[in-house]
Amino acid sequence: MARCFAIHPADNVATMLDNADSGSHVEILGAGSGNILTVGENLELGHKVAVIDIARGAPVLKYGVAIGIADQNIHRGRWVHLHNCKSHFDQRSGTLDLHTGAATDTRYE
Amino acid sequence: MNNIAPITWQGYLRPDGRKGVRNIVLVIYTVECASHVSHAIAKDQEDVHVIGFPGCYDNQYAVRLMLALGRHPNVGAVLSVGLGCEYTQPEKIAHVVRESGRSAEWFYIQDAGGTRAGIEKGIEIVTRLRQQIRSTAKRVPMTLSDLSIGCECGGSDGTSGLAGNPVVGRFFDRLVDAGGKALFEEIVEMIGLKEIILSRAASPEARGQLDEAYEKAARYCQSVRQYSVSPGNFAGGLTTIEEKSMGAFAKSGTRNIQGVIKVSQQPPHAGLWLMDSVPDAHFMNFGYTNPNDTEGIMDLISAGCQIVLFVTGRGSVIGSPIAPLIKITGNSHTFNRMADDIDFDAGTVLDGRMTMDQAAEALKNLVINIAGGAVSKPEALGHREYFVMYKHQDTPLLQIGCRA
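Residue numbers (the numbering used here), protein chains in the order written: chain A, 5 to 113; chain B, 22 to 425.
If you're looking for bench data, these hints aren't it; they were derived computationally from the structure.
Just so we're clear, the structure is a prediction, and the values are computed from it rather than from any experiment.
Cβ coordinates follow ideal geometry from the N, Cα and C atoms, glycine included.
One thing to keep in mind: the hints can contain errors.
[Said to hold, decoys possible] Selected chain A positions facing chain B (Cβ under 7 Å, derived; list incomplete): (1) M5; (2) A6; (3) F9; (4) T19; (5) L21; (6) N23; (7) S26; (8) P63; (9) Y67; (10) I71; (11) I73; (12) S91; (13) D94; (14) G98; (15) A106; (16) T108.
[Unchecked claim] DMTMM-like cross-link-like pairs, simulated, lysine to aspartate or glutamate; straight-line CA separation at most 25 Å: (17) K40(B) to E67(B); (18) K64(B) to E406(B); (19) K215(B) to D75(A); (20) K90(A) to E113(A); (21) K90(A) to E406(B); (22) K90(A) to D378(B); (23) K237(B) to E216(B); (24) K159(B) to E126(B); (25) K40(B) to E141(B).
Start from the sequences and build out the full structure, keeping to the hints where you can.
Here it is as structure tokens:
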């Protein structure tokens, strides 16, 4: 079974330690360990998964601190990334390609 | 514990009292036009390294950086090479290095007679300097308390804040407790953590310095409209600068921060220090604070770090001149994929093969081995990337300089 790691008891996301396919079960290690999560989409190592439902406008918590704001409702087991979590500081990151992180605002012409 | 003798190895005692873990000749060129000759002088000689500054117009920050590197504890002697037209003066570099008790020579390629003659002259000088430092450098026992170790991270992914940086942080705690100096930088990767950073200050003075450095970094990122986070970071699972910051800050461990130093300054006493490499307020759009990982590594070496740790999640293939670079990853897949490049797999703490304490102890032993002369993987591959750029730090306001 794939694993993910929750750092702080207050966290509403965990970091994937393995890749996981949509619909598969993932074991949560660290804070909240022992729980099993069913993931709602394909998730890659290093990426974040919601371990509880996160309401639009609520902070995304990792390390026990707000690393961003959910700009839509995020269900337990879903991928948390550029498409649904916004920085308090950095606007440009919201415009990057979701999968590669490549900039979309630099012209190559 | 106290009656166990600390682990020691043989280092190199410099005439100015500093102790190094390597014994190299450093070739310093003073303009890009002298770079080809300088690299040819050092070609295929593992204990002759090269740095240089590309600009023809000089820059106080870059001059300070080259002078700090020329008097680094791992450097035994210096050859400074200029073309002959540029502002930066190789003779003055040699003079300052000589004042530290090290041997230093210099020449202009125009005076030497061009490329071939310059290379021949440089090889002749460097061969002599190398023989001299090999036979005269005093060997001296060193221990952890003699070390300044820097840490930089680059190519970070979701594992960097979970394993790579925390293992370094745990090692840094041990280094500080042993009386050594631990340095970290990348204050632009602390955005969002102001209260957390300030709460680590060792004194009211340190708190003031951290506050000032944080606010400058925050203004800087707004000013250049760029936060310190890259496409590879996002692809590796990091979503925001706040998230990357928390992971990066983990490399600082848990000990109090003694204060803030700037590029080319040495920490005034032992303990954990933050380096500020952000340009002055007036010049924020003039160069980037950390345009790439190599620049940040050079900054840490300029503060006297004899060894630099580099944490990468995605994988990196850089090294450094002057001070060995030790590469660490928290991602075991990356370690296995790039085993020639990466020295230490901290991913072992994520799959339960090691505890955090065991990994920190293993890293400490690796650092001691490399300080004692074992070759790090970037060293073995011949990586000696450097990057000295125009930047303004502590520059007087420039009302002077132009008549109109």
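Exercise. Close enough to count: is the Cβ of L21(A) nearer than 7 Å to one in chain B?
Worked result: holds, 5 Å
Exercise. Does D378(B) lie within 25 Å of K90(A) when you go C-alpha to C-alpha?
Worked result: It is violated: about 35 Å lies between the C-alpha atoms, which goes past 25 Å.
For this session: Would you settle whether the hint for Y67(A) is holds or violated, based on the nearest Cβ-Cβ distance to chain B being less than 7 Å?
Result: holds, 4 Å
For this session: Let me know if the C-beta of T19(A) comes in closer than 7 Å to any C-beta of chain B, holds or violated.
Result: holds, 5 Å
Exercise. Is K215(B) within 25 Å of D75(A), Cα to Cα?
Worked result: holds, 24 Å
Problem set entry | Supplied contact hint for D94(A), tested at 7 Å Cβ to chain B | holds, 4 Å
For this session: Would you check the hint for K40(B) and E67(B), treating anything up to 25 Å between C-alpha atoms as holding?
Result: holds, 20 Å
For this session: With a cut-off of 7 Å on the beta carbons, see whether F9(A) makes it to chain B.
Result: holds, 6 Å
Exercise. Hint check: is the beta carbon of P63(A) less than 7 Å from a beta carbon of chain B?
Worked result: Given a least distance of 10 Å, the restraint on P63(A) is violated.
Exercise. Given I71(A) as an interface hint, is the shortest Cβ-Cβ distance to chain B below 7 Å?
Worked result: holds, 4 Å
Exercise. Can the hint on G98(A) be confirmed by a CB-to-CB distance to chain B that is less than 7 Å?
Worked result: violated, 9 Å
Exercise. Given the hint that K40(B) pairs with E141(B), does the C-alpha gap stay at or below 25 Å?
Worked result: Status violated; Cα separation ~31 Å.
When the structure is compared with the earlier hints, violations turn up for hints 1, 2, 6, 7, 8, 11, 14, 16, 20, 21, 22, 25 and for no others.
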